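A.B. asks: The listed protein sequences correspond, in order, to chains Y and H. Per the numbering used here, the very first residue in the first sequence carries number 1; after that it's consecutive. Per the numbering used here, the very first residue in the second sequence carries number 1; after that it's consecutive.
No lab work stands behind these hints: they were computed from the structure. What you are looking at is a predicted structure, and each value in this text was computed from that prediction instead of being measured. Be aware that one or more of the hints could be misleading.
What the hints assert, rightly or not - Heads up, simulated DSS-like pairs for lysine-lysine below, C-alpha to C-alpha not over 27 Å straight-line:
{"hint": "1", "chain 1": "H", "residue 1": "Lys27", "chain 2": "Y", "residue 2": "Lys24"}
{"hint": "2", "chain 1": "Y", "residue 1": "Lys49", "chain 2": "H", "residue 2": "Lys132"}
{"hint": "3", "chain 1": "Y", "residue 1": "Lys49", "chain 2": "H", "residue 2": "Lys133"}
{"hint": "4", "chain 1": "Y", "residue 1": "Lys84", "chain 2": "Y", "residue 2": "Lys24"}
{"hint": "5", "chain 1": "Y", "residue 1": "Lys86", "chain 2": "H", "residue 2": "Lys27"}
{"hint": "6", "chain 1": "Y", "residue 1": "Lys86", "chain 2": "Y", "residue 2": "Lys24"}
{"hint": "7", "chain 1": "Y", "residue 1": "Lys24", "chain 2": "Y", "residue 2": "Lys97"}
{"hint": "8", "chain 1": "Y", "residue 1": "Lys97", "chain 2": "Y", "residue 2": "Lys86"}
{"hint": "9", "chain 1": "H", "residue 1": "Lys133", "chain 2": "H", "residue 2": "Lys49"}
{"hint": "10", "chain 1": "H", "residue 1": "Lys27", "chain 2": "Y", "residue 2": "Lys49"}
{"hint": "11", "chain 1": "H", "residue 1": "Lys27", "chain 2": "Y", "residue 2": "Lys84"}
{"hint": "12", "chain 1": "Y", "residue 1": "Lys84", "chain 2": "Y", "residue 2": "Lys97"}
{"hint": "13", "chain 1": "H", "residue 1": "Lys49", "chain 2": "H", "residue 2": "Lys132"}
Stated by the list, open to error - What follows is a set of in silico ranges between Cβ atoms, one per label pair, in the way DEER data are often shown:
{"hint": "14", "chain 1": "Y", "residue 1": "Arg51", "chain 2": "H", "residue 2": "Phe95", "range": "48 to 54 Å"}
{"hint": "15", "chain 1": "H", "residue 1": "Val69", "chain 2": "Y", "residue 2": "Ile66", "range": "19 to 25 Å"}
{"hint": "16", "chain 1": "H", "residue 1": "Ser146", "chain 2": "Y", "residue 2": "Gln95", "range": "36 to 42 Å"}
{"hint": "17", "chain 1": "Y", "residue 1": "Met17", "chain 2": "H", "residue 2": "Leu66", "range": "45 to 51 Å"}
{"hint": "18", "chain 1": "H", "residue 1": "Ser73", "chain 2": "Y", "residue 2": "Met17", "range": "36 to 42 Å"}
{"hint": "19", "chain 1": "Y", "residue 1": "Lys86", "chain 2": "H", "residue 2": "Tyr6", "range": "43 to 49 Å"}
{"hint": "20", "chain 1": "Y", "residue 1": "Val22", "chain 2": "H", "residue 2": "Gln141", "range": "33 to 39 Å"}
{"hint": "21", "chain 1": "H", "residue 1": "Leu149", "chain 2": "Y", "residue 2": "Ile11", "range": "26 to 32 Å"}
{"hint": "22", "chain 1": "H", "residue 1": "Phe95", "chain 2": "Y", "residue 2": "Ile11", "range": "17 to 23 Å"}
Heads up, the beta-carbon is just placed ideally off N, CA and C, and yes, glycines get one too.
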Amino acid sequence: MEYNVLYLSFILFILSMLVFFVNKNLIIVLMSIELMLNSVNMMLLSLVKIRPSALPPVSVILIFGIIAAEAAIGLAIVILVSRKLKTLNIDEISQIKENTNAN
Amino acid sequence: MELIFYLLAILMILSTVYLIFSSDIFKSFMAMFLVFFLTAIVYFIMGLKVIGTFQLIIYTGAIMVLFVVAMNSLAPVKDIQKKICSIKNFIYTFFVLVFGYMIYKVFDISYIYLSEGNKSLSYTDSISLLGKKMFSEYFLQIEVISLILFVAIVVAYNYLREEKNGI
Numbered sequence: 001m002e003y004n005v006l007y008l009s010f011i012l013f014i015l016s017m018l019v020f021f022v023n024k025n026l027i028i029v030l031m032s033i034e035l036m037l038n039s040v041n042m043m044l045l046s047l048v049k050i051r052p053s054a055l056p057p058v059s060v061i062l063i064f065g066i067i068a069a070e071a072a073i074g075l076a077i078v079i080l081v082s083r084k085l086k087t088l089n090i091d092e093i094s095q096i097k098e099n100t101n102a103n
Numbered sequence: 001m002e003l004i005f006y007l008l009a010i011l012m013i014l015s016t017v018y019l020i021f022s023s024d025i026f027k028s029f030m031a032m033f034l035v036f037f038l039t040a041i042v043y044f045i046m047g048l049k050v051i052g053t054f055q056l057i058i059y060t061g062a063i064m065v066l067f068v069v070a071m072n073s074l075a076p077v078k079d080i081q082k083k084i085c086s087i088k089n090f091i092y093t094f095f096v097l098v099f100g101y102m103i104y105k106v107f108d109i110s111y112i113y114l115s116e117g118n119k120s121l122s123y124t125d126s127i128s129l130l131g132k133k134m135f136s137e138y139f140l141q142i143e144v145i146s147l148i149l150f151v152a153i154v155v156a157y158n159y160l161r162e163e164k165n166g167i
């Protein structure tokens, strides 16, 4: 089952990467980053069962801290963008930025 | 157990695939929530009780609440707020259930620890062993992560404070 969890984490990472590149909504892109980090955690924990060690669980707990920090800053930026530009679409945000630079 | 694992894996993959094509933030949030919750169940199936409990507390608990608060604060999407209010009772009930389950797991792990002793437990079963390891061998890493978390909170507060003051 440990190898199945390893394969599952790989599939989830690839799908999350697809979400990151395909979806145009800023908050869903942030969600995809969270999912990628979640699949990395899953991969590390599947390694614990294959070769027992203290390093993977400690790394997972450290990654939890990184995830919390990333979510706090990312969501603050998303709220800021949505209030200032009134949109969450990445293409529209790029368009607004180009127009601002042209002016 | 294998069958349950495969069912959970299929559900997780379908939820992530839904995120690729979704444009509705609320439904995407629910899909992400499902993936995190099912990941915690997979950890429990693997026998990783401590990490599964951490997953429930940090991912399914704290980060999801952070997302709900952020979605409430988004300016242009007014219909999301209505949906969140209508489902508020469900979310409260769910978090109370998760909290109850976490307390049960803490007592369960403590019981195993007291009845069987240290020999049969590994770092993924005993929070005591994991804590001792983290604050002895990995003390510097823990301090760096706590510093990063502190800086992140200050930066997030500063972003939103400046925006509020119109600077």
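A.B. asks: Hint by hint, note whether the structure agrees.
C.D. replies: Consistency of the hints with the structure:
1. Lys27/H / Lys24/Y: holds, 15 Å
2. Lys49/Y / Lys132/H: holds, 21 Å
3. Lys49/Y / Lys133/H: Holds, at about 18 Å.
4. Lys84/Y / Lys24/Y: holds, 18 Å
5. Lys86/Y / Lys27/H: The hint holds at about 21 Å.
6. Lys86/Y / Lys24/Y: It holds: about 15 Å lies between the C-alpha atoms, which stays within 27 Å.
7. Lys24/Y / Lys97/Y: Given that 27 Å is the threshold and the Cα spacing comes to 16 Å, the pair holds.
8. Lys97/Y / Lys86/Y: holds, 13 Å
9. Lys133/H / Lys49/H: holds, 17 Å
10. Lys27/H / Lys49/Y: violated, 34 Å
11. Lys27/H / Lys84/Y: holds, 24 Å
12. Lys84/Y / Lys97/Y: Given that 27 Å is the threshold and the Cα spacing comes to 12 Å, the pair holds.
13. Lys49/H / Lys132/H: holds, 17 Å
14. Arg51/Y / Phe95/H: 48 to 54 Å: For Arg51/Y and Phe95/H the Cβ distance comes to about 36 Å; the hint is violated.
15. Val69/H / Ile66/Y: 19 to 25 Å: Holds: the Cβ-Cβ distance is about 20 Å, inside 19 to 25 Å.
16. Ser146/H / Gln95/Y: 36 to 42 Å: holds, 40 Å
17. Met17/Y / Leu66/H: 45 to 51 Å: violated, 23 Å
18. Ser73/H / Met17/Y: 36 to 42 Å: Since Ser73/H and Met17/Y have Cβ atoms about 28 Å apart, the given range 36 to 42 Å is violated.
19. Lys86/Y / Tyr6/H: 43 to 49 Å: holds, 44 Å
20. Val22/Y / Gln141/H: 33 to 39 Å: holds, 35 Å
21. Leu149/H / Ile11/Y: 26 to 32 Å: holds, 30 Å
22. Phe95/H / Ile11/Y: 17 to 23 Å: violated, 29 Å
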